[in-house]
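Asks: One letter stands for each residue in the lines below.
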Amino acid sequence: MAKIDDYIPIVGESVVEDLRLIALHLRGKRILNVNSTAVGGGVAEILNRMVPLLRELGLDVRWDVIRGGEEFFEVTKKFHNALQGGRVDIGEKDLEIFMETSRKNLEDMDTSSDIVFIHDPQPIVLVQKRTNNKWIWRCHIDISDPKQKVWRFLKDFVVQYDAAVFSAPAFSPKLPIRQFLIAPSIDPLSDKNRELQREVIDGVLSKYGIPKDKPIITQISRFDRSKDPVGVIATYRLVKKHIDCRLLLAGGTATDDPEGQKVFEEVMESANGDPDIHILSMSQNDLEINALQRASTVIIQKSLKEGFGLTVSEALWKSKPVVASNVGGIPLQIKHKHSGLLCYSAEGAAFAVKQFLSSPEYARKIGENGREHVRNNFLITRHLRDYMLLFLSLYHKENIVYL
Amino acid sequence: MAELTRAAEPFRFYARLHLTELTGLKAANLVQLVRLLKSVPGGSIYYHTHRFLQQHQYLSPEPPNDFAYWVREILGEEELGERLASIDIIQYSTIRNLRERIIETIEEYLEQRPEAKIRFAQEGGELHFKKAVSFILPTQHISHDLREFVEILKRITIDSIYFHIFEARLRLEKKTNDFSNWIQNSIGNEALALSIAHLDPYVYTMEDLRRTIIDLIEREIR
Numbered sequence: 001m002a003k004i005d006d007y008i009p010i011v012g013e014s015v016v017e018d019l020r021l022i023a024l025h026l027r028g029k030r031i032l033n034v035n036s037t038a039v040g041g042g043v044a045e046i047l048n049r050m051v052p053l054l055r056e057l058g059l060d061v062r063w064d065v066i067r068g069g070e071e072f073f074e075v076t077k078k079f080h081n082a083l084q085g086g087r088v089d090i091g092e093k094d095l096e097i098f099m100e101t102s103r104k105n106l107e108d109m110d111t112s113s114d115i116v117f118i119h120d121p122q123p124i125v126l127v128q129k130r131t132n133n134k135w136i137w138r139c140h141i142d143i144s145d146p147k148q149k150v151w152r153f154l155k156d157f158v159v160q161y162d163a164a165v166f167s168a169p170a171f172s173p174k175l176p177i178r179q180f181l182i183a184p185s186i187d188p189l190s191d192k193n194r195e196l197q198r199e200v201i202d203g204v205l206s207k208y209g210i211p212k213d214k215p216i217i218t219q220i221s222r223f224d225r226s227k228d229p230v231g232v233i234a235t236y237r238l239v240k241k242h243i244d245c246r247l248l249l250a251g252g253t254a255t256d257d258p259e260g261q262k263v264f265e266e267v268m269e270s271a272n273g274d275p276d277i278h279i280l281s282m283s284q285n286d287l288e289i290n291a292l293q294r295a296s297t298v299i300i301q302k303s304l305k306e307g308f309g310l311t312v313s314e315a316l317w318k319s320k321p322v323v324a325s326n327v328g329g330i331p332l333q334i335k336h337k338h339s340g341l342l343c344y345s346a347e348g349a350a351f352a353v354k355q356f357l358s359s360p361e362y363a364r365k366i367g368e369n370g371r372e373h374v375r376n377n378f379l380i381t382r383h384l385r386d387y388m389l390l391f392l393s394l395y396h397k398e399n400i401v402y403l
Numbered sequence: 001m002a003e004l005t006r007a008a009e010p011f012r013f014y015a016r017l018h019l020t021e022l023t024g025l026k027a028a029n030l031v032q033l034v035r036l037l038k039s040v041p042g043g044s045i046y047y048h049t050h051r052f053l054q055q056h057q058y059l060s061p062e063p064p065n066d067f068a069y070w071v072r073e074i075l076g077e078e079e080l081g082e083r084l085a086s087i088d089i090i091q092y093s094t095i096r097n098l099r100e101r102i103i104e105t106i107e108e109y110l111e112q113r114p115e116a117k118i119r120f121a122q123e124g125g126e127l128h129f130k131k132a133v134s135f136i137l138p139t140q141h142i143s144h145d146l147r148e149f150v151e152i153l154k155r156i157t158i159d160s161i162y163f164h165i166f167e168a169r170l171r172l173e174k175k176t177n178d179f180s181n182w183i184q185n186s187i188g189n190e191a192l193a194l195s196i197a198h199l200d201p202y203v204y205t206m207e208d209l210r211r212t213i214i215d216l217i218e219r220e221i222r
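Protein sequence lines, in the order shown, are assigned to chains A and B.
Position 203 of the first sequence, counting from 1, maps to 203 under my numbering, and the rest follow consecutively.
Position 96 of the second sequence, counting from 1, maps to 96 under my numbering, and the rest follow consecutively.
Everything labelled a hint here was simulated from the structure, so no lab data went into it.
Built from N, CA and C at the ideal position, the CB exists for glycine as well.
Where hints are given, some of them may not hold.
For lysine-lysine, the following DSS-like pairs were computed, each having C-alpha atoms within a straight-line distance of at most 25 Å [said to hold, decoys possible]: (1) K397(A) / K29(A); (2) K397(A) / K174(B); (3) K26(B) / K155(A); (4) K149(A) / K26(B); (5) K397(A) / K155(A); (6) K174(A) / K38(B); (7) K149(A) / K77(A); (8) K26(B) / K335(A); (9) K397(A) / K38(B); (10) K174(A) / K26(B); (11) K38(B) / K117(B); (12) K147(A) / K26(B); (13) K397(A) / K26(B); (14) K337(A) / K365(A).
Beyond 12 Å from chain A on every Cβ pair, some chain B residues (computed) [unchecked claim]: (15) P10; (16) V34; (17) E79; (18) A85; (19) I103; (20) E111; (21) I118; (22) E148.
Use the sequences and the hints to build the structure in full.
Replies: Structure below.
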């Protein structure tokens, strides 16, 4: 596991000095993070990296996971889809299942820390246990156009928090509590993002039987409708009419995502046995994902809805030209024509991919810009800083805070 | 090597770190933009006129404020975008005056081109007003003369430079930037102080600004 000083060669010594400086002001505060899964998905991934680093900076940080059965996670998946604007049928029975599991977690979990940091809707009810400590709700998903029934139900809990945190401005609804904008981040030293030797990359391609004979277009994401994997296949087919290439769709499933298998089957059907389409349903293997991204010529993230879309920052960090939908947090990561190309449709995505494939120098320059943009804004050191400032803001109402 | 003047008062470098607060306010056209510009907190005007500097330090040239970018790229009002981008922020010593200038610029344009009032951003393209919550922390870096000063300047974060150059002057309403103030009053080098004060920091990337200030000081102490 990386130490805080290991980031100095990447971000500079002074950035790390500032982190230590802020941390001094949080000494003695006990902070509890709560989410719904210890592995799989972006939230667990970020917490796995951030909690040890915050501890190393001297903060008293814990991370706990709520418990829930299959029925509970089916309901929270429905919540997730409804919050992202999907058509989902949610009845009273679903709300009862959600509340029953929440009540059990309320009984079991110790939330006596000075600051309780709740991630996403699954553990949202825990706020009912608040005493005179501080509570933050961190929303990682796109709730710019939620189904109102679910949002109204959850909002009754959200308003009991001291503050809410969103990944993009468009996600923030009208609320009577303070709201902050904090983008997630990637860890440049994790297996998913660290530099790899050429032989490692080739070894992974060989393991999955992907030849290097043609440009490789890749989308890395969970098999989830909101990531539009079938739309990516449509994009590839449009590109393929003019430029011979391969398509790689690779991703895993999280323990709280029972829908993944269904979507995977739809994708297989859509691929219809095309030998140049490589569909990999992988168990969590960050090093291999890293290798696949590095082996790619162009990376796509054609999401229909996106919480933030960290796979975009991962690709940009590897200096890859990226084509991505203009949704959720993606436009924060890609400034159109500067650090990538934004699109709205399969046709638009195909046009952008063709531009990159036929103009390698343009693709290289955009990729370099993207890497610098990530270095400045989307690395874990910036995220650590923002979270510590967020904790401090709970104790300061003013706009200019002298510490 | 010339003997260095020891400062009457040492210079302590501060770090300025900011957290972005969402205001929940958004504009979809120029009329709404003007209305909100008149009522949002000063911290929001500051945020939208300075965010680009920090987030896109590696890209240059860039429009120095969000309003110019939004008006040009989202509403497609190229001419107004240019007028907003060319507002000379360095001339304004208070957020209040800067706010008034931005509003005047848009209102003048709307008088000349009333049809621009009905041009709306497409859904999802609205300008969301945010504001900066600034945290100001003393660092361990203190300089007693220009040599120490320039060595520290080479290694502090751009957030620190940002604080002493931009935030101290405009948001905290000091008359000049902190570096010029110290060099003039504690070192007594008025010419150097003025040469830094005369820089237009808004046309540099942050790293270029750092290099330019370092060059000016190193020429002086060589």
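Asks: Against each hint, give a clear statement of whether it holds in the structure.
Replies: Hint-by-hint comparison with the structure:
Straight-line distance between C-alpha atoms of K397(A) and K29(A) comes to about 18 Å, which keeps the hinted pair within the 25 Å bound. Between K397(A) and K174(B), the direct Cα distance comes to roughly 23 Å. Compliance with the 25 Å bound is thereby established for this hinted pair. Of the supplied pair hints, the one linking K26(B) and K155(A) holds, its CA atoms being roughly 21 Å apart against a limit of 25 Å. Restraint check: the Cα-Cα separation between K149(A) and K26(B) comes to about 24 Å, which is no more than 25 Å; the hinted pair holds.
Pair hint K397(A) plus K155(A) holds up; C-alpha atoms about 23 Å apart against a cutoff of 25 Å. About 20 Å separates the Cα atoms of K174(A) and K38(B), which keeps this hinted pair within 25 Å; it holds. Taken as a hint, the K149(A) and K77(A) pair is honoured in the structure, with Cα atoms around 15 Å apart against an allowance of 25 Å. Our distance criterion of 25 Å between C-alpha atoms is met by K26(B) and K335(A), whose separation comes to about 20 Å.
With a CA separation close to 23 Å, the supplied pair K397(A) and K38(B) stays within the 25 Å bound. As the CA atoms of K174(A) and K26(B) are separated by approximately 11 Å, the hinted pair is consistent with the 25 Å bound. Our distance criterion of 25 Å between C-alpha atoms is met by K38(B) and K117(B), whose separation comes to about 17 Å. Distance restraint check for K147(A) and K26(B): the Cα-Cα separation of roughly 21 Å lies within the 25 Å cut-off, and the hinted pair is therefore satisfied.
Restraint check for K397(A) and K26(B): satisfied, since their Cα atoms lie roughly 22 Å apart, inside the 25 Å limit. A C-alpha spacing of about 10 Å is found between K337(A) and K365(A), which places the hinted pair at or below 25 Å, so the restraint holds. The Cβ of P10(B) lies farther than 12 Å from every Cβ of chain A, with a closest approach of about 19 Å, so its non-interface assignment holds. Chain A leaves V34(B) outside its interface by the beta-carbon criterion, the shortest separation being 20 Å against a cut-off of 12 Å.
The non-interface label for E79(B) is consistent with chain A: the shortest C-beta to C-beta separation is roughly 21 Å, beyond 12 Å. The claim that A85(B) lies off the interface holds: its Cβ sits roughly 16 Å from the closest Cβ of chain A, which is beyond the 12 Å cut-off. In this structure I103(B) is separated from chain A by more than 12 Å, as the shortest Cβ-Cβ distance comes to about 21 Å. Distance to chain A confirms E111(B) as a non-interface residue, since its nearest Cβ pair spans about 30 Å, more than 12 Å.
Against chain A, the non-interface label of I118(B) holds: every CB pair exceeds 12 Å, the least being about 23 Å. For E148(B), the condition that its CB be more than 12 Å from all CB atoms of chain A holds, with the nearest at approximately 16 Å.
Consistency with the previously given hints is maintained throughout, with no hint failing.
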